[in-house]
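A.B. asks: These are the residues of each chain, in order.
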Amino acid sequence: MDGIILQLFDGLSKGSAYALIALGLTLIFGTLGVVNFAHGALFMLGAFCAVLLSQLLTISHTVVDESRTDFLGNPMQVDIPYVVEWFGEAAGNAIIDWSVPLAILFAIPVMLLIGFAMERGLIRHFYKRPHADQILVTFGLAIVLQEIIKYFYGANPIPTPAPDAFSGSFDLGAVLGFDPFTIIYPYWRLIYFVFALIIIAGVFAFLQFTTFGMVVRAGMADRETVGILGIDIDKRFTVMFGIAAAVAGLAGVMYTPINSPNYHMGMDFLVISFVVVVVGGMGSLGGAVLAGFVLGVLESLASLNAVIELIPGINQVVIYLAAVLILLTRPRGLMGRKGVMED
Amino acid sequence: MTANPELGRPDAARGTRTAARRERSGFLGLTGRDAGLLLLVIVLTMAAPVLLNPFPATSSLAQFNAGYPDLMQRFVIFGIFAIGFNILFGLTGYLSFGHAAFLGAGSFAGVWMFKLLGMNVLLAIGASMAVAALFSLMVGYVSLRRSGIYFSILTLAFAQMSFALAYSVLTPITGGETGLQLALNDPRILGESVTASGNIPLPSLFGLEMRTTELVTFRIEGLGVWAFPFNVGYYFCAAVMIVAFYVSIRIFRSPFGMMLRAVKSNQQRLNYTGVSSRPYTLAAFVISGVYAGLAGGLLVSMDPLAGAERMQWTASGEVVLMTILGGAGTLIGPVLGAGLIKYFENIFSKINKGVLEGWFSVFPDGLSDVLVTIVYPFVGKGWHLTLGIVFMLVVIFLPGGLVEGGQRLGRVFRRSDRKGLGVEAPAADTRAKAEE
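Chains as they are written, first to last, in the numbering used here: chain S, 1 to 343; chain U, 1 to 436.
With the rest of the complex left out, here is chain S:
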């Protein structure tokens, strides 16, 4: 039982990442009708925003500390980050420690800009081309983006730790009334889950309760009529592309403490997030979120020892298996709208 609960929570945090990426993908598909294979790369760029910020914050200069000596007896050279110098010892170190959460603020404008540039510069020329062409050009773009990152950061994962306050684990079992030390759960995964919920709620609220969101929803339902009513829907869809990029980027920023970012993390996530989108139903935002969490939990539950003993290897393939079954039995996916990409 405790094993199941642990895997359930693990699945929820894994599913949060799937849901966030799939949400962005669906925003792009639902508004612009573009299949964006570079979305994984946006996730990766977000993660490297966090890496870049933590590197920027630790830029330091070397001073000679006369009061201490190194093992040769010479005065010791100490690297002092500029941040520490400017804000004082305590505040400076705290800023460095909290670089990942701070990277959220840094990543939002950066990812919005990248999103706008991508849409204006490349994607808009592909609205009228077949889906296969869109897949191919964004696939090429994903290769280019990840190679650029590889050139600057190398091929090895770069550890980017969470703030010290959240770096440990806590005893979830004790909270839920089990024996102590049966369910140990890292803080950061819980935070990731809550963060994902906030972002998802934010996106839905934005679409549901603002005028801008209303226009976008109207455009998703019937683009032509909205255009006839005199609204420049293209401009709003560009903004939505930026928002989708920012969502993917934020998912990447917060993911860095869970998995050290490397240049091909986007590709690893891309395949699964496409499966998630398709399972949820192309163009359905709720479906993408639901499918993200369902598949995440499914994947975790399949890694239970009892399940693996029953069906060997199931933990490796359960997501794809679920996708195959759902695609063959429910052409629209879990919550797809009628008539959208049903063939």
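I should point out that these hints are in silico values taken from the structure, not numbers from a laboratory.
Take these hints with a grain of salt, some might be off.
What the hints assert, rightly or not - No farther apart than 25 Å at their CA atoms in a straight line, the calculated lysine-lysine pairs in the DSS-like style are these:
hint, chain 1, residue 1, chain 2, residue 2
1, U, 381, U, 350
2, S, 150, U, 264
3, S, 235, S, 128
4, U, 264, S, 128
5, U, 353, U, 381
6, S, 150, U, 350
7, U, 381, S, 150
Keep in mind it's a predicted model, so treat the numbers as computed, not measured.
Take the given structure of chain S and dock chain U to it, following the hints.
C.D. replies: Relative to chain S, chain U alone:
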């Protein structure tokens, strides 16, 4: 599951008759242009050991010689893979992101033949094709129930499943992380387990070992020494590729190929006229799967070792890149694309800082440093970046790939001297359209 030419549907029948009329004439049932293309491929592949070694072996440019056996084998093997992929994607428009799974399955089947029966490559290749055919029949039967992006995702899902299983649970069959290798105690009931000298026997075609290479050297006084390796394995692969290319031309020009094009241009209309497109697309899927299996069998015939990473989706992505880069739906395009990517991967990636500095040393120091800094990210280890950029440019500006680029260039040249050859240019235009 071949197309019945006399089904009597108006669209199909009209295409059929013209295709049938064309087929009766010419060399091996090919019209002049196709025969010319086939002859060109034959000549190029046969002369490749010479053509790909243009620089003297002793010169500093020798590192750009692509004519060593291992790489030449890869050129033609991946050419076969791409030709097969093109039969599916180029003709029907179904974009599969899981074809590497068939290549991988073929590789494993080939190695198992080497382990169980004997070292004859024909056994391995036969088994590879059979296994790939069965596997692609199963995957295709399920995946082709959907089209468009769903089809891509389904094939991707199947390929990733086979990769994950081959890597973990199926380790007894696939060798898991280390890959599947030959061993001294394999049975090999049709041959010998161990050679007289105590080694694992090498893959061979009725005693003709694939590894045998005849090195012909050629000296021009004052210029240097050229070395041309003539490798048995390469010529075997090249012969197989020529057959594969011929079969693909016949498929392109057949009534069956016509039906596949109809699927691409308007499947709905095909359905309304009462034709079920599924048998045709499934046949195309299996044929391209068999091509992939053949490529896998040839890979292990050249080097009897197979690993699960051959099935990964990035490997599937590579064949997509090859086909698009060369020109999807054209005959020669996929072969060109495969050659280009393999050349990039093996030769272009070797250009390091030292080589660049050598090239730019004619410029003054400061300028040469700047040039090296600018160019360096795009070559050597960064060759993927160049590949990605070239690929994007091709998709954006040349949807027909390099072949379309060549045709456009050709048309520009022909237009400029149209006065002399007034009749030629319009004919070329219609031909180019027919090619699409």
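A.B. asks: Compare the structure with each hint and give your call.
C.D. replies: Going down the list of hints, with the structure as the test:
| no. | hint | verdict |
| --- | --- | --- |
| 1 | U:381 - U:350 | 8 Å, holds |
| 2 | S:150 - U:264 | 38 Å, violated |
| 3 | S:235 - S:128 | 17 Å, holds |
| 4 | U:264 - S:128 | 17 Å, holds |
| 5 | U:353 - U:381 | 10 Å, holds |
| 6 | S:150 - U:350 | 18 Å, holds |
| 7 | U:381 - S:150 | 10 Å, holds |
Figure legend: structure checked against the earlier numbered hints; the only hint not met is number 2.
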